[in-house]
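Chains as they are written, first to last, in our numbering: chain D, 68 to 302; chain V, 13 to 481.
For the record, the hints were derived by calculation from the structure and aren't laboratory data.
You may find that some hints are simply not true.
Under 10 Å between C-beta atoms, here's a sample of chain V residues computed to sit facing chain D [unchecked claim]:
(1) R386
(2) S387
(3) A395
To spell it out: a stretch of chain D is covered by chain V in this simulated footprint if at least three of its residues, at any positions, have a beta carbon under 8 Å from a beta carbon of chain V; those stretches are [as the list claims (entries may be wrong)]:
(4) 148-161
(5) 166-179
(6) 283-295
Computed from the model, here is a short list of chain V residues facing chain D with C-beta under 7 Å [unchecked claim]:
(7) G380
(8) E383
(9) L388
(10) G389
(11) M390
(12) S391
Note that CB positions come from ideal geometry on N, CA and C, so glycine has one too.
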Amino acid sequence: MLLQVENLHVAYGAIRALRGISFQIEQGEVVTLIGANGAGKSTTLRTISGLLRSTEGDVLYRGESLVRTPAERIVSKGICHVPEGRRIFGRLTVQENLEMGAYTRSDSKEISESMERVFASFPRLKERLGQRGGTLSGGEQQMLAMGRGLMSRPALLLLDEPSMGLAPILVEEIFEIIRRINAEGTSILLVEQNAAMALSVAHRGYVLETGSVVLAGTAAELARDPQVQAAYLGH
Amino acid sequence: MLGRWLRRLSGDWRWSLVTLGGILVLVGYLLPVFPVRISSAVTRFSDGSEIVNEFPVLVYEQHFAQAKTSPTVDLFAVDVATEAISGFSASGYGWLATVLGTQELIRHVSFVLCLLLPLVAGLLLAASVVVASRSRSVPSQGWVPAAAQLGALSLLGLCLAWAHQVDFSSDLMTAGQGALAPGLGFWVALAGSVAIFGGAVMLRNTTHKQLTTWWALVLAVGMTAWLLTKVRPYPFLEIWRFVSDGILVTLRLVATSFGLILLVSLLGGLGRISRNPVIYGVSSLYVELIRGIPLLVQLLFIWFALPQVFDMLGELLLRISPSLDRQGQALVDLRLNPYTAAVLGLTVCYGAYGSEIFRAGISSIHSGQMEAARSLGMSYVQAMRHIVLPQAVRVILPPVGNEFVALLKDSSLVSVLAVSDLTRRGREYMARTFLSFDTWIMVALCYLVLTLFSSRMVELIESKTSFER
Numbered sequence: 068m069l070l071q072v073e074n075l076h077v078a079y080g081a082i083r084a085l086r087g088i089s090f091q092i093e094q095g096e097v098v099t100l101i102g103a104n105g106a107g108k109s110t111t112l113r114t115i116s117g118l119l120r121s122t123e124g125d126v127l128y129r130g131e132s133l134v135r136t137p138a139e140r141i142v143s144k145g146i147c148h149v150p151e152g153r154r155i156f157g158r159l160t161v162q163e164n165l166e167m168g169a170y171t172r173s174d175s176k177e178i179s180e181s182m183e184r185v186f187a188s189f190p191r192l193k194e195r196l197g198q199r200g201g202t203l204s205g206g207e208q209q210m211l212a213m214g215r216g217l218m219s220r221p222a223l224l225l226l227d228e229p230s231m232g233l234a235p236i237l238v239e240e241i242f243e244i245i246r247r248i249n250a251e252g253t254s255i256l257l258v259e260q261n262a263a264m265a266l267s268v269a270h271r272g273y274v275l276e277t278g279s280v281v282l283a284g285t286a287a288e289l290a291r292d293p294q295v296q297a298a299y300l301g302h
Numbered sequence: 013m014l015g016r017w018l019r020r021l022s023g024d025w026r027w028s029l030v031t032l033g034g035i036l037v038l039v040g041y042l043l044p045v046f047p048v049r050i051s052s053a054v055t056r057f058s059d060g061s062e063i064v065n066e067f068p069v070l071v072y073e074q075h076f077a078q079a080k081t082s083p084t085v086d087l088f089a090v091d092v093a094t095e096a097i098s099g100f101s102a103s104g105y106g107w108l109a110t111v112l113g114t115q116e117l118i119r120h121v122s123f124v125l126c127l128l129l130p131l132v133a134g135l136l137l138a139a140s141v142v143v144a145s146r147s148r149s150v151p152s153q154g155w156v157p158a159a160a161q162l163g164a165l166s167l168l169g170l171c172l173a174w175a176h177q178v179d180f181s182s183d184l185m186t187a188g189q190g191a192l193a194p195g196l197g198f199w200v201a202l203a204g205s206v207a208i209f210g211g212a213v214m215l216r217n218t219t220h221k222q223l224t225t226w227w228a229l230v231l232a233v234g235m236t237a238w239l240l241t242k243v244r245p246y247p248f249l250e251i252w253r254f255v256s257d258g259i260l261v262t263l264r265l266v267a268t269s270f271g272l273i274l275l276v277s278l279l280g281g282l283g284r285i286s287r288n289p290v291i292y293g294v295s296s297l298y299v300e301l302i303r304g305i306p307l308l309v310q311l312l313f314i315w316f317a318l319p320q321v322f323d324m325l326g327e328l329l330l331r332i333s334p335s336l337d338r339q340g341q342a343l344v345d346l347r348l349n350p351y352t353a354a355v356l357g358l359t360v361c362y363g364a365y366g367s368e369i370f371r372a373g374i375s376s377i378h379s380g381q382m383e384a385a386r387s388l389g390m391s392y393v394q395a396m397r398h399i400v401l402p403q404a405v406r407v408i409l410p411p412v413g414n415e416f417v418a419l420l421k422d423s424s425l426v427s428v429l430a431v432s433d434l435t436r437r438g439r440e441y442m443a444r445t446f447l448s449f450d451t452w453i454m455v456a457l458c459y460l461v462l463t464l465f466s467s468r469m470v471e472l473i474e475s476k477t478s479f480e481r
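Pulled out of the complex, with its shape left as it was, chain V reads as follows (with noise of 0.2 Å):
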């Protein structure tokens, strides 16, 4: 059977490896993989007294607990017990068995992934050889890329598992004297994850389309943040506990913020095609002047000068009519809760820029297009609802979708608004401790993940949604 596929595709050699290679990772999980675990750990310290550690299953945050202590004392000793895994149990396949099986899944799913990204690796290209051998050729261009790619992830995820086993503390690795060596199955696996790469990389010649996507930097930054918190869980693991509720409020205020500049951006781009010189004046007015001002100055404008300008509208209601005291009171007491007036900011001023994109997206489409809707008898909205508006969206999904990162980014700035988002919590923790390089290189790598990520997905749906015209 074996035989048979590498003959199939003994055209061209290095697909032969590729394939070896998707075997070698199968074939290897079955052989033992990590003979050996850490059952248990004693951290000791200057002043006598000790942490106790007992692993169920693998090692977790051992070297955070070790770093919360108190600076006077010092790291003394680290014992280490360890126990070895015999039969199935140590495999590839046996280790995944008992990790899936334990209670406490959800701290050991970095695990689960690490070591199922090359088993997916392996079936994948397993099966694709299957499939090129049903139809007696050589699998298609498309899966060069794809193979370099899973290639790539499956000895990624081979050295991080073995990571795991140690929690990346230097004082396991030490105490633990070379009992965690991987086994002959883990080597296995890594060869063949070598050779999925190394054949998918020699095959680059064969197709036009890119090994690399731009979606590895984005994992790439991902692992580096998620490294830091392995490797030095002080005061890493620490800050991102400690700023990770601001990526919250970030996402939040985005999204909320994104909804309606959307929303002011259509009405604005529809002002400022329209006919109506008021209807135009107004918006074209209301783009040129907030293009002009800074949006830190407009949040600032909004959060401090804002609540004068209800004042004074209050009290001029106040001392007009009697009649209109409620209303005039209600002025004098609003006050805008720092959200709120951080998503005004944001929707007002992304709104200019959105108005503009929306006014050149609606123009970009051929005027016929209005005109043949309008003389088969649609009015003037239904032809922009149903002819015009569905064609300019492609236009300017693009050019919004720059805009969603930007906004991503922007939003930092509504930490001057008392609003605790992640720059914020970041300052906050800075002011708390003073450690500002370790604090603003999470922030950033933070930041970095949210806007790759989404770049990513605006590049996606450009893709999807782009059409030749």
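In isolation and in its complexed conformation, chain D is listed as follows (with noise of 0.2 Å):
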């Protein structure tokens, strides 16, 4: 077990974002949360990250419980967020945003061979290499955002809307990233809107309502549900 979430509860002020969700994700798994906006999943994924406070419940991580632990340490244990709306710097080049992704690690040689890495996936990055971030296409900044993440080396990605915003063409071609990093072993919790593309990259998937996790299954089982269909796949 990877990572196991136990009846979390997350709440910004009055507010009860998250009544008690629970779900797990198994080393080298893709794990999706879908569900419309409010359903909480952009708070699971912050408060997984460390940069929300749980009021109760417990998230476990290869057995050890990270509700306490800050966000910076979170990343250096291997888990890595990419931030809804991309959140790159701006002012900073493409190089320059890739360095600071590497910012918990100070082994310099492999940190230039993960870079060579993050070209392999994402080869447009090479080619705009000392472009300023603000300058990117919508897509490209995406995949600096996760080609960033990517840096730390995350044993757990976690993907915070990828296909925000973004062409039909461009989105193909994110999740098909998305697929060759988990085919390198990294494991990834990706949170969508869009229900039909996550579910079939997704081994498994769960259903967000209000705060509470309302359907569970392997993406497969989930496609077939005519519930699914219905609120999510639009058949």
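Both chains are given apart, each in its own frame, so use the hints to dock them into the complex.
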């Protein structure tokens, strides 16, 4: 068991965003959380990566609790969060953005190896190496955000809405890359509104509604489920 | 050579005019600029006494020496001996060479500047035309405001250089009986300056840049103050000599407290965005309380009431426990010196305003930047230090610059604390001589030069660090 979330409650002041969700991720899996706006998907990711504090419940990573660990220590334990809306450093170049991704590491030789691996996944980033992050297109910025996340060599990558605001052809490209990153051994927790694409790359999935898990199963099961089809796949 | 340049530029005759002006200045400086000079002056008074001034190169401080005599005697006459200068020494270059070679260069530094301004204008414009003729085009638009300003400076410099000859003394001017009239070279250079200025002003439609800069205002106010000391050395030069040490005190006070204010503002601003309720509460209370009390009242409190607070605290310590008598006695004996009290008062007050500026600046940086930094493994402090603050500084800079200018003005309030700043020195001079109008004009001009200069600097720094977001 790589990550286990148990009965997690999170509140923004008086608003209860998560009302006791539980799920787990095995080593090497792609797990997706799907659901409508405000279901609590991003809140879940932000709580796992330590940006938010839970009011109740536990997050276990390789059997160790993370709920009291500060965000920066969680990164060095091997969980990397690629936040929604990309959040790249617009004034820094592509290369500098990637170097920032390796902030927790000090092994300069292996860092350059990691960068080569990122370029293998995202050849476009290599072409744009000296360009400022803010001048990249939306798809390139998403690639940069993911590449930057990979620079910390995570065992578990948390991706928040990687397809947001991208053209369909770019969405396909991004998901192809997600598949490849997973094939190289990184487990992925994927949060998506584009349920069809998410279920096509995921092994298993959970459906969230107003802060609770309402449905769980393998990706194939969920894709066949009439409720999911009606609500998220538009059939 | 000259013809070729002018033909190149003939696409626009206005540029030709500017170029011609530059060349006229350079040529005019070869001709006699000031062919006669005053070598000595004897000032006679009604009681038979006289002051003899020998001028090795230029007249200086003649008028002041006359005005400083006892008010019971009248100025009777001024006799002037003049000396003709021949050849190269009478030209602009010759004058510069002579003055630069004198021992008392520091006394003539303003004359040297006045003579150099037109020369620099001429040289720069000639050089720009050489560059332009190489690249086969009219100088770029950016040169238009520069040429206009160079022309104006050149005009100003020449006129003031002539005034230097007589040290603004109407007595000397009369006694010199026209011997001080400028030579042909002066008029040629003056015509050149007018041509530069006029040509550049006519070119103003070709550029979107503004011809005037507010630096000219700083210069004008500075010149006014300086002219006052020249035209009426008594009392203005005396006031200047009396209050000038106050300027240094004011500047030192402002610099010291501004450094501390930045520190307090940073801490206060971080406190105001803290999630820790105690830190947030303390910093908010500080900001709200201090902003509601006038600076003058705060200064008076620190100077007059704080010693009493120390006394009470010290006595309390002495009463509580004999083992604390050393600390207690130290508190009773503690007295702030006026300067420290002033720095403390300004820092506490402006730190509160600064805290709000820093808070607003930090909040203006998109929360995603902090989020991104945190999810890359930076701690809160590291992310603040390396990601958020460097971006916030550029937002904070303009209002902090305004605070600096405001601080400079409000520092006059510390004159109530027996700190001999500019205002206090002005009051002391007025109390001594009852020359209220002259004193406060001079003090106001000193403050104006300081504030105008610093707000221009702030503007400059702003434009260098501004960026698109």
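- Mind listing which of the numbered hints don't hold for this structure, in increasing order? Hint 6 contradicted; others consistent.
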